[in-house]
Each structure stands twice: as structure tokens, then as C-alpha cells.
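On the provided structure of chain A, position chain B as indicated by the hints.
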Amino acid sequence: DVKVTQSSRYLVKRTGEKVFLECVQDMDHENMFWYRQDPGLGLRLIYFSYDVKMKEKGDIPEGYSVSREKKERFSLILESASTNQTSMYLCASSSWTGGLYEQYFGPGTRLTVT
Amino acid sequence: GDSVTQMEGPVTLSEEAFLTINCTYTATGYPSLFWYVQYPGEGLQLLLKATKADDKGSNKGFEATYRKETTSFHLEKGSVQVSDSAVYFCALSEGAQKLVFGQGTRLTINP
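Taken in order, these protein sequences are the chains called A and B. For the first sequence, this note's numbering begins at 10 and goes up steadily by one. For the second sequence, this note's numbering begins at 138 and goes up steadily by one.
Rather than coming from a laboratory, the hints here were simulated on the basis of the structure. Keep in mind it's a predicted model, so treat the numbers as computed, not measured. Careful: at least some of the hints might be erroneous.
[Stated by the list, open to error] Below, a list of computed lysine-lysine pairs in the BS3-like style, where the Cα atoms sit at most 30 Å apart:
no.	chain 1	residue 1	chain 2	residue 2
1	B	K197	A	K12
2	A	K80	B	K235
3	A	K66	B	K189
4	B	K235	A	K27
5	A	K12	B	K205
6	A	K62	B	K235
7	B	K235	A	K12
8	A	K66	B	K197
9	A	K64	B	K235
The following block holds chain A by itself, in its conformation from the complex (with noise of 0.2 Å):
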């Protein structure tokens, strides 16, 4: 089976910190995904990666980074943490399967800034 973790299921940090979530995927996959989930909202992707070192934004990029070293590994920056990204942040990873892309979910990241 597919696996995704996520180094934190609970997080809380202060107003202007710096911010590191952690994402690995054991799968193989050369896509990676990170999303916030929000009520009433959905899950808004925020940055994506197809390969080592690359990255495109997504819907919401402002206030993060990313970083993608390793096949395996996507990692999601909040440079100066506010209060306005308490949420609950999700990491994915994907590849061509069957004629389509498939995600693959982490458990999520509740993130509460104070």
C-alpha cells in the first residue's frame, strides 16, 4: 500500500515563526502535493512538485515556500507564520496509474497559530 506521512498531526506555533512541515511518500511517486482544507472550502492546493527541485504554485501560494531535495520528501515553509493560516494542511503524492493520476493523502497537519 501507498504510504504518506506527515511529521506532525497536531502543531501549534506563534505569530511570525518559521514554519516547517515535513512530507514523505515511500512510493515512488514523482508528483507531490501540498493543500490546506478549510470549512466550508474545500482543499485549495498551495504548491506542487512533478520532479526533484521543481515546484509550481498553486491556487494559494502566498506565505508559503516549498522544498523538494529528495524523490521522497516535500516539504511546505511558512516563512513568518500568522493567524490567517490556522488550518489544517494536507500533502498527497501521485503518478500515472491505470490512465489517470491518483492521489494519495497523508493524515494531515493541524496547524494552530496563536
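For chain B alone, kept in the frame of chain A given last:
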């Protein structure tokens, strides 16, 4: 751009009731369509998928049919159980790696 619209939640049903969660989409091409489920405290799991018009995806008693003429992919189950309580997301992908999600529908099943 592409978009997905789901019926507003929350939805509350009694056990063994029939379930429908509506999903419609807007896309310029011919997307693949998905339903994901998120159980409490967990990430999203793929529930079912369909890649072309008239395809029916099915899993765990849930079904959805890709209707190109109505741009819809409604989720149905004939008899729901308490264990089906979760948040359900409809999503589309147009061959690219990215998914576009609906806002999610929270389903609660009472015994």
C-alpha cells in the same frame, strides 16, 4: 477555470436510508472524476473514480456515474451505515497532475 460544486451539507440520515450527494462540474475538456472520503481525524481516501462518459465507479456499496450531458457525478448508496459518517469530496482532473475539489459534504448517519 475548472470547478466542482457539491450539495451543501451537513447531511443527516438514519441508518439504512438512501444517500445521494450531488456533484456537478465545469471543465473545458474531458476530465476524470473522483469521490474522496475523509473519516474523522484522517486524511482523504479515494472512494471511487471514473475516466470517461457513462463510466460507473463503485466501491463499498457507493456508486457514481459520469454523466457528460449533465456534467454531473452524483454519489449514491442504497443503505447507509453509521460507519459511513464522514466528509465526502468530489474532484476532477483533466489529465494534468492537479485535482480540483468541491467544498466537501459532511454526512452524519444516526443509528
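We went through each hint and held it up to the structure:
1. B:K197 / A:K12: holds, 21 Å
2. A:K80 / B:K235: holds, 18 Å
3. A:K66 / B:K189: Given that 30 Å is the threshold and the Cα spacing comes to 28 Å, the pair holds.
4. B:K235 / A:K27: holds, 27 Å
5. A:K12 / B:K205: Violated, because 33 Å separates the two Cα atoms, which is more than 30 Å.
6. A:K62 / B:K235: Roughly 18 Å between the alpha carbons, so the hint for K62 (chain A) and K235 (chain B) holds.
7. B:K235 / A:K12: holds, 19 Å
8. A:K66 / B:K197: Judged against 30 Å, a Cα distance of about 35 Å means the pair is violated.
9. A:K64 / B:K235: Between K64 (chain A) and K235 (chain B) the Cα gap is close to 13 Å, so the pair holds against 30 Å.
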